[in-house]
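The whole structure should be built from the sequences, with the hints applied where relevant.
Number of protein chains: 2
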Amino acid sequence: MIVLRRALPEFRWEGVDLRAYKDEAQAPFRGVTRQVLASAPDLKGELRYFEVAPGGWTTLERHQHVHAVTILRGAGRALVGENVLDLAPLDLVTVPAWAWHQFRAGTDVALGFLCMVDAERDRPQLPSEQERAALESAPEIARFLSGT
Amino acid sequence: MIVLRRALPEFRWEGVDLRAYKDEAQAPFRGVTRQVLASAPDLKGELRYFEVAPGGWTTLERHQHVHAVTILRGAGRALVGENVLDLAPLDLVTVPAWAWHQFRAGTDVALGFLCMVDAERDRPQLPSEQERAALESAPEIARFLSGT
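Protein chains in written order, with my numbering: chain V, 20 to 167; chain Z, 20 to 167.
If you're looking for bench data, these hints aren't it; they were derived computationally from the structure. It is possible that some hints are incorrect.
Okay, the calculated beta carbon distance ranges per label pair [claimed, not checked]:
(1) V:L37 x Z:P60: 32 to 40 Å
(2) Z:A161 x V:D141: 44 to 52 Å
(3) V:T167 x Z:A46: 27 to 35 Å
(4) V:A44 x Z:P47: 51 to 59 Å
(5) V:E101 x Z:R162: 52 to 60 Å
(6) Z:P73 x V:L37: 31 to 39 Å
(7) Z:A157 x V:E150: 55 to 63 Å
(8) Z:V35 x V:G100: 41 to 49 Å
(9) V:L145 x Z:A157: 50 to 58 Å
Glycine included, C-beta positions come from ideal geometry on N, C-alpha and C.
Okay, here's the thing in structure tokens:
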């Protein structure tokens, strides 16, 4: 077992692949990469590093499993349930079960974060048209989702 | 549920207690604090932030559960199994099941790290005199454990 994976420049790590965030055919997103930092059969959690490029955003989705997020780099905002949050390095974000959520980088700055999650977890759900409209009925959330 | 805990100066977080690393009567250590960043009934992992003061060290111990460590601050070294590792920010350390391990800060600099661990886990074991002597039979490990 490899006990040390050294940090490389620009939030990369020795021996850790830079992966697609998810299958582009499955869900909408823009400019997101994923690196799996810790995942093992004898570990019930996984730790991943996601980076959202300037102007990019993760999929708006919800699921039963919980995310415990630690911001590492840059700046951005997140929607979590009905909250729009401004994010800075080392801020901690909890995404509760079934909360709609999305992370957005700043226009000119990337947003990088660690995400701890259960290794065994359910598949994310995308919002229906009605669910998206319900979210957008709050002006602050509508502005967030439109990237303005 | 609190969805955002903002980072405060000096690796503290809003609403997160600064705790003793462990009961001083139970195990030897020097200058270590603990903050629980993520722990919830519907999350199988926990995320903690440990900080080892300059010259300090965590307990030399082993257990079945695995640690996935991300260095966040400062510099130091770790013993993991038979490996003595130099550590810098963002380095990833995996402590496999039953590997003897200890983290040491530099003489003049603290060492701060995130540690992901299963919420349900076994109790650490301390080395017997014989086990410690066996570890110290390797000169590099003997120097590490003596702090030189």
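- [ ] Check the following: the C-beta atoms of L145 (chain V) and A157 (chain Z) are separated by a distance inside 50 to 58 Å.
- [x] Given about 54 Å between the Cβ atoms, the range holds.
- [ ] For E101 (chain V) and R162 (chain Z), compare the CB-CB distance with the range 52 to 60 Å and indicate the outcome.
- [x] Holds - the Cβ-Cβ distance for E101 (chain V) and R162 (chain Z), about 55 Å, lies within 52 to 60 Å.
Task: 55 to 63 Å as the expected CB spacing between E150 (chain V) and A157 (chain Z), which holds or is violated - done: holds, 60 Å
Task: Range agreement (Cβ of P47 (chain Z) with Cβ of A44 (chain V), hint 51 to 59 Å) - done: For P47 (chain Z) against A44 (chain V), whose Cβ atoms are near 55 Å apart, the range 51 to 59 Å holds.
Open item on the list: If I claimed the Cβ atoms of T167 (chain V) and A46 (chain Z) lie 27 to 35 Å apart, would that claim hold in this structure?
Closed with: Given about 54 Å between the Cβ atoms, the range is violated.
Task: Status of the given 31 to 39 Å range, CB of L37 (chain V) versus CB of P73 (chain Z) - done: 35 Å Cβ-Cβ, so the 31 to 39 Å window holds.
Open item on the list: Looking only at beta-carbon atoms, does the pair V35 (chain Z), G100 (chain V) fall within the given range of 41 to 49 Å?
Closed with: violated, 21 Å
Open item on the list: Given a hint of 32 to 40 Å, does the C-beta separation of L37 (chain V) and P60 (chain Z) actually sit inside it?
Closed with: holds, 34 Å
Open item on the list: 44 to 52 Å was suggested as the range; check whether the CB atoms of A161 (chain Z) and D141 (chain V) agree with it.
Closed with: holds, 49 Å
When held up to the earlier numbered hints, the structure conflicts with 3, 8 and fits the remainder.
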